[in-house]
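Student: Sequence:
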Amino acid sequence: MTDHAPSTAPEPAVRQVARVVLLDPDDRILLMHGYEPDDPADTWWFTPGGGLEGDETRAEAALRELAEETGITDAELGPVLWQRYCSFPFDGRRWDQDEWYYLARIRRTGTDPRPQALTELETRSLAGLRWWTSAELSAARETVYPTRLAELLRTLLDEGPPSAPVVLAPEIV
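Yeah, the sequence shown ends on 263 if you go by the numbering used here, and it's all consecutive.
Possibly wrong hints are sitting among the right ones.
[Stated by the list, open to error] Label pairs and their calculated CB-CB ranges:
hint, residue 1, residue 2, range
1, D129, D186, 18 to 28 Å
2, R198, D128, 31 to 41 Å
3, T245, E210, 15 to 25 Å
4, D129, L208, 18 to 28 Å
5, G161, P115, 28 to 38 Å
6, F180, E143, 12 to 22 Å
7, T245, R197, 18 to 28 Å
8, T133, R238, 27 to 37 Å
9, A259, R105, 28 to 38 Å
10, L216, D116, 20 to 30 Å
11, D128, G250, 24 to 34 Å
12, A217, D116, 18 to 28 Å
13, A230, P260, 30 to 40 Å
Since the hints were derived computationally from the structure, they do not count as laboratory data. Remember, predicted model here, so these are calculated numbers, not experimental data. Glycine included, every Cβ here is placed at the ideal spot set by N, Cα and C.
My request is simple: use the sequences and hints to build the entire structure.
Tutor: And the structure:
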């Protein structure tokens, strides 16, 4: 028999996230270059997006996050392409996320994205943004999330958006 009571600490909730697969007229995708705040050599590329706030919908969160992280406010939001559960360590804790990836397009090439309203954590962990062609993404030797993004982008460009969101395999890092 033990003398201590069972833990009553609540299990951490799964963070609800909206992400944006932003394409320009040349079918380039915009990715963010992030890094671990305590280890700037630990880097990766990922799509803009973030957690839902208050009672906003995922679509509203996708557009808000896109504006905050890139300054782009005129994107046309399309359908949800993919859904993914992921879990990863970052900034000293584990993040468990249910991510929905929306397609969005802008009408002009040469858009220079500039973050407008980063959080303190984003400020400490964002190295920049870059437009990638599908070929560049396929040839990349850098870490990209989701890990199958190059393949998923190629399929999207070849076949168009899926008729229903594709559920991706969970990624646990």
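Student: List in ascending order the numbers of the hints, as given earlier, that are violated by the structure.
Tutor: 3, 5, 8, 9, 11, 13
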